[in-house]
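**Q** The lines below spell out each chain.
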Amino acid sequence: MFESLSDRFDGIFGRLKGKGRLSEGDVEDAMREIRLALLEADVNFTVVRDFVERVKNRCLGADIAQSLTPGQQVIKVVNEELKAILGGETLKITFAASPPTVVLMAGLQGSGKTTSSVKLARWFKSQGRNPLLVGADLQRPAAVEQLRTLSDRIDVPVYSDSTGPVAVVQRGLEEAKSLGRDVLIVDTAGRLAVDTELMDEIASISDAIEPDYTFLVIDAMTGQDAVNTAEIFHATLELDGIILTKLDGDARGGAALSVKEVVGRPIAFASTGENLEDFDQFHPERMAERILGMGDILTLIEKAEEVFEKEEAEVAAQRLLDGTFTLDDFVDQLRQVRKMGNLSGLMAMMPGIPKEVKNAEIDERDINRVEAIVLAMTPSERVEPALIDSSRRARIAKGSGTSTAQVSNLLNQFKEMRKMMKGMAGFGTKKATKNRKDKKSKKGKKGPGGGRVQAKRAVAAPKFDIEKLDLTLPGLNKNS
Amino acid sequence: MTTGIFIVFIVVLVFLFLAALPRINSWWSKRNLARTQELAEPPAESPLPEGKRVAVPLEELIDEEPQASEGVFGQEVEDSVSKTSFGSRLAKAKSAMSGYVTSIRNSEVNESIWEQLEEALILADVGMAATSSVLDRLKKTAKDQKITKGPDLLEALKVQMKSDLDVDRTLELNSESVPVWLFVGVNGVGKTTTIGKLGQSLTLQGHSVVMAAGDTFRAAAAEQLETWADRCGAHFVRGQERADPSSVIFDAVISAEKRNADVVLADTAGRLQNKVNLMEELAKVRRVADRNPGSVAEVLLVIDATTGQNGLTQAREFALAVDVTGVVLTKLDGSAKGGIVFAIEKEMGLPVKLVGLGEGIDDLVPFESEEFVETLFSS
Ligand SMILES: Nc1nc2c(ncn2[C@@H]2O[C@H](COP(=O)(O)OP(=O)(O)OP(=O)(O)O)[C@@H](O)[C@H]2O)c(=O)[nH]1
Ligand SMILES: [Mg+2]
Numbered sequence: 039m040f041e042s043l044s045d046r047f048d049g050i051f052g053r054l055k056g057k058g059r060l061s062e063g064d065v066e067d068a069m070r071e072i073r074l075a076l077l078e079a080d081v082n083f084t085v086v087r088d089f090v091e092r093v094k095n096r097c098l099g100a101d102i103a104q105s106l107t108p109g110q111q112v113i114k115v116v117n118e119e120l121k122a123i124l125g126g127e128t129l130k131i132t133f134a135a136s137p138p139t140v141v142l143m144a145g146l147q148g149s150g151k152t153t154s155s156v157k158l159a160r161w162f163k164s165q166g167r168n169p170l171l172v173g174a175d176l177q178r179p180a181a182v183e184q185l186r187t188l189s190d191r192i193d194v195p196v197y198s199d200s201t202g203p204v205a206v207v208q209r210g211l212e213e214a215k216s217l218g219r220d221v222l223i224v225d226t227a228g229r230l231a232v233d234t235e236l237m238d239e240i241a242s243i244s245d246a247i248e249p250d251y252t253f254l255v256i257d258a259m260t261g262q263d264a265v266n267t268a269e270i271f272h273a274t275l276e277l278d279g280i281i282l283t284k285l286d287g288d289a290r291g292g293a294a295l296s297v298k299e300v301v302g303r304p305i306a307f308a309s310t311g312e313n314l315e316d317f318d319q320f321h322p323e324r325m326a327e328r329i330l331g332m333g334d335i336l337t338l339i340e341k342a343e344e345v346f347e348k349e350e351a352e353v354a355a356q357r358l359l360d361g362t363f364t365l366d367d368f369v370d371q372l373r374q375v376r377k378m379g380n381l382s383g384l385m386a387m388m389p390g391i392p393k394e395v396k397n398a399e400i401d402e403r404d405i406n407r408v409e410a411i412v413l414a415m416t417p418s419e420r421v422e423p424a425l426i427d428s429s430r431r432a433r434i435a436k437g438s439g440t441s442t443a444q445v446s447n448l449l450n451q452f453k454e455m456r457k458m459m460k461g462m463a464g465f466g467t468k469k470a471t472k473n474r475k476d477k478k479s480k481k482g483k484k485g486p487g488g489g490r491v492q493a494k495r496a497v498a499a500p501k502f503d504i505e506k507l508d509l510t511l512p513g514l515n516k517n518s
Numbered sequence: 041m042t043t044g045i046f047i048v049f050i051v052v053l054v055f056l057f058l059a060a061l062p063r064i065n066s067w068w069s070k071r072n073l074a075r076t077q078e079l080a081e082p083p084a085e086s087p088l089p090e091g092k093r094v095a096v097p098l099e100e101l102i103d104e105e106p107q108a109s110e111g112v113f114g115q116e117v118e119d120s121v122s123k124t125s126f127g128s129r130l131a132k133a134k135s136a137m138s139g140y141v142t143s144i145r146n147s148e149v150n151e152s153i154w155e156q157l158e159e160a161l162i163l164a165d166v167g168m169a170a171t172s173s174v175l176d177r178l179k180k181t182a183k184d185q186k187i188t189k190g191p192d193l194l195e196a197l198k199v200q201m202k203s204d205l206d207v208d209r210t211l212e213l214n215s216e217s218v219p220v221w222l223f224v225g226v227n228g229v230g231k232t233t234t235i236g237k238l239g240q241s242l243t244l245q246g247h248s249v250v251m252a253a254g255d256t257f258r259a260a261a262a263e264q265l266e267t268w269a270d271r272c273g274a275h276f277v278r279g280q281e282r283a284d285p286s287s288v289i290f291d292a293v294i295s296a297e298k299r300n301a302d303v304v305l306a307d308t309a310g311r312l313q314n315k316v317n318l319m320e321e322l323a324k325v326r327r328v329a330d331r332n333p334g335s336v337a338e339v340l341l342v343i344d345a346t347t348g349q350n351g352l353t354q355a356r357e358f359a360l361a362v363d364v365t366g367v368v369l370t371k372l373d374g375s376a377k378g379g380i381v382f383a384i385e386k387e388m389g390l391p392v393k394l395v396g397l398g399e400g401i402d403d404l405v406p407f408e409s410e411e412f413v414e415t416l417f418s419s
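Residue numbers (my numbering), protein chains in the order written: chain U, 39 to 518; chain Y, 41 to 419.
Calculated from the structure, these hints are not laboratory results. Note that the structure is a prediction, hence the values are computed from the model and not measured. Cβ coordinates follow ideal geometry from the N, Cα and C atoms, glycine included. Check each hint, because a few of them may be wrong.
[Unchecked claim] If you only want the chain U side, here are some residues facing chain Y, beta carbon under 8 Å, derived:
#1 Gly148
#2 Ala231
#3 Asn266
[Said to hold, decoys possible] Below, a list of computed lysine to any residue pairs in the SDA-like style, where the Cα atoms sit at most 20 Å apart:
#4 Y:Lys180 / Y:Val149
#5 U:Lys94 / U:Glu119
#6 Y:Lys386 / U:Glu78
#7 Y:Lys179 / Y:Leu213
#8 U:Lys163 / U:Ser216
#9 Y:Lys324 / U:Asp404
#10 Y:Lys179 / Y:Ala196
#11 Y:Lys189 / Y:Leu178
#12 Y:Lys324 / U:Glu402
#13 U:Lys215 / U:Arg191
#14 Y:Lys324 / U:Ser216
#15 U:Lys94 / Y:Glu155
#16 Y:Lys179 / Y:Val149
#17 Y:Lys393 / Y:Leu213
#18 Y:Lys198 / Y:Arg177
The task is simple: from the sequences and hints, build the whole structure.
**A** The following block contains the structure:
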């Protein structure tokens, strides 16, 4: 979601880079564009004004004017200031000395509190805790039912009754104590910050259970009003952090930056999809790098290490590089990758992936189809796809309920991949890089056209990415 | 760490492999096709012959029936709810803007007044592009009419914005086939609640309403809508969990035909506009709902007043996928101004038809541009 903001900055920076000397006018122009980019990204007006002011003052300062590469200096200043806004530490969750640790969820209607409550419960479970959910949204029809259905999926109990929100949370707290649950997550009804009655109600809820953590749930698509809302909730409840939802959309999420800046509380968790596993702690410094176009490989690696069987993966990786990777390996790895969550979400964390590829939604059915096709092959075919001739192809298509075209498509694709991986075995060597560049330039000559040309374009994309990847990895080792 | 890096390679590969499969190609070509088609032919106003449709302003939705004068919200409701609500309920929420307005009223027309106007509009989520175009035109007017006082400038601005919003906001009912009103939008904006409230207004008018639980994805979505159907006495049709939403809505159309109902209000699951599959699913829902005996009379995009600039993208993508006919602006009872609908109306010509002002069953009123602009600048 933050990508488009970084795209905009890329453009602005590109123009600056070319300049040998910067006049005051150049800086003014750049500042105007930065202001526009931030406002269009829904960053709060006041936050933008202060930001631009700070950057401008620093840019017009002496050291930049005298620098040999003033354009670079401006970029540096903008990056530093952006990081200052976005950055900060990841919120560290500690647990109450006498359990349960109580978490209160608050927010506007429709911001995603119920789903986030369950996702948070799942997260606590993954930390080895035993959460209890409390359904205190007695306002919206079927809200408690929604909570129950979702929490069934992760095997977490729910406490709720219809006596009234304050009474429910009190009983929920007792229930947690008597059941020995060590985390209590309270889902509350959505409310408007201007609704004093309901704000008083949530204040009483808070008083009744004295939460260890109070989170404000904010939709990434929110506009200028986010700051206003957050300030009132903060004044009423003393927030500990923010949970940012619907980050899988294409909103630029500037509201989130503003809230953090204005309320001075970190974004603690971020939700990136409708599945319960699309949720994780928010790492501000990583997000800052993502906005500045550096990807978020750390999170990706963390996720991967959670899911993958280490040894198996290493063997597979080795085979990949040797070019002996089989379709069996592929399906195995595919299954592992799927466990990591939404594929497009994973992709967003990769640096240097073209937007078209990132935005491509991958249909579950396509993945299932790939699996079905491979499973319809004999073991020897899976190891040596070259064996597959047209009659075998027909058999496989029939066995997997697909068309022969789909089967050949997959086989071609697989061949490409193997070839590419072989090329990568010596990655970093000049020869390989040159080779890739040649292919890239050839690809460039083909204009857009029919489906086939586009297919090639899509296939060609990995070459570009991997090149980028090479560049990123060394720095990454230093970080960890 | 090395293992991690290998794994990341694998992830990338798996992803690219899948992305490179026909999916991405067909998506691109379809999308490009849709885009070119859209450029080539003007959007079909109505898929039906004109004569078959009855266009009625919201207040006179049932003109041809005995209770003619009552309107969708009923005479009483209309008086006590729509007039007072829109004005007075918004009243508590204008704090953010009032400071500007007071200061604008007290100043001469100078550089700073323009900055303040810009700031006020942006804080209302009108957006940079629409704000600039509004102010550019106002500058011209101010020059032509030699406006020098703040209050006069504010008045001129209101007049200009009101005339920008002067469009047809009637809701369509089709008299011969079963009219379907489809509610679409991103997650949590208020689709289901709006259907509940609208069902109430329509049934109060003596219309028979069928509600279709087309959200078969979100947990307890059908139960939520069923509660609303019970509240207003609408007939309720649902399917199995994870059923195909199109078939649920089609069932509702059939059921509406059998009971001779006047309209089907069809809920759909919330979806983010960048989810290509889900948008395709929605397009299918629309096609199926439009099959005989049904006919899609309205596709209402529900937009939450707190929405920022992403609202424009929502409007564009949903319009592309399902040919949206109007907008419902919800949660205007909060402190957000909902200025994005101004940009949506200006840029895309999509009229706002209804406004949600709370969670109660009566909290839905017809959109009134006058009120909207007034409250945008009330102090
Ligand atoms: N204050 C206020 N709240 C509203 C309004 N309209 C809807 N809501 C609330 O917003 C929340 C979400 O509404 P829903 O109707 O469930 O939204 P939806 O679009 O159907 O949501 P999904 O189906 O989950 O995508 C609920 O808590 C509603 O009560 C409104 O006009 N004002
Ligand atoms: Mg709904």
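**Q** Hint by hint, note whether the structure agrees.
**A** Cross-check of the supplied hints:
For U:Gly148, the interface hint holds, the least distance from its beta-carbon to any beta-carbon of chain Y being 3 Å, beneath 8 Å. Because the closest C-beta pair between U:Ala231 and chain Y is about 6 Å apart, less than 8 Å, the hint holds. This hint holds: U:Asn266 has a C-beta 5 Å from the nearest C-beta of chain Y, less than the 8 Å allowed. Taking the CA atoms of Y:Lys180 and Y:Val149, the gap is near 13 Å; set against the 20 Å cutoff, the hint holds.
A threshold of 20 Å between alpha carbons decides the hint, and for U:Lys94 with U:Glu119 the separation of about 11 Å falls inside it, so the pair holds. Of the pairs offered as hints, the one joining Y:Lys386 and U:Glu78 holds, with about 17 Å between alpha carbons and a cut-off of 20 Å not exceeded. A distance of roughly 42 Å separates the Cα atoms of Y:Lys179 and Y:Leu213; the hinted pair therefore is violated under the 20 Å criterion. With a CA separation close to 19 Å, the supplied pair U:Lys163 and U:Ser216 stays within the 20 Å bound.
Straight-line distance between C-alpha atoms of Y:Lys324 and U:Asp404 comes to about 18 Å, which keeps the hinted pair within the 20 Å bound. The hinted pair formed by Y:Lys179 and Y:Ala196 meets the criterion: a straight-line CA distance of about 10 Å does not exceed 20 Å. Using a Cα cut-off of 20 Å, the hinted pair Y:Lys189 and Y:Leu178 holds, with the two alpha carbons roughly 13 Å apart. Of the supplied pair hints, the one linking Y:Lys324 and U:Glu402 holds, its CA atoms being roughly 18 Å apart against a limit of 20 Å.
The hinted pair formed by U:Lys215 and U:Arg191 fails the criterion: a straight-line CA distance of about 23 Å is larger than 20 Å. The hinted pair formed by Y:Lys324 and U:Ser216 fails the criterion: a straight-line CA distance of about 50 Å is larger than 20 Å. Among the hinted pairs, U:Lys94 with Y:Glu155 is consistent with the structure: their alpha-carbon atoms are about 19 Å apart, no more than 20 Å. A distance of roughly 10 Å separates the Cα atoms of Y:Lys179 and Y:Val149; the hinted pair therefore holds under the 20 Å criterion.
Using a Cα cut-off of 20 Å, the hinted pair Y:Lys393 and Y:Leu213 holds, with the two alpha carbons roughly 14 Å apart. The hinted pair formed by Y:Lys198 and Y:Arg177 meets the criterion: a straight-line CA distance of about 12 Å does not exceed 20 Å.
Comparing the model with each earlier hint shows violations of hints 7, 13 and 14; every other hint is respected.
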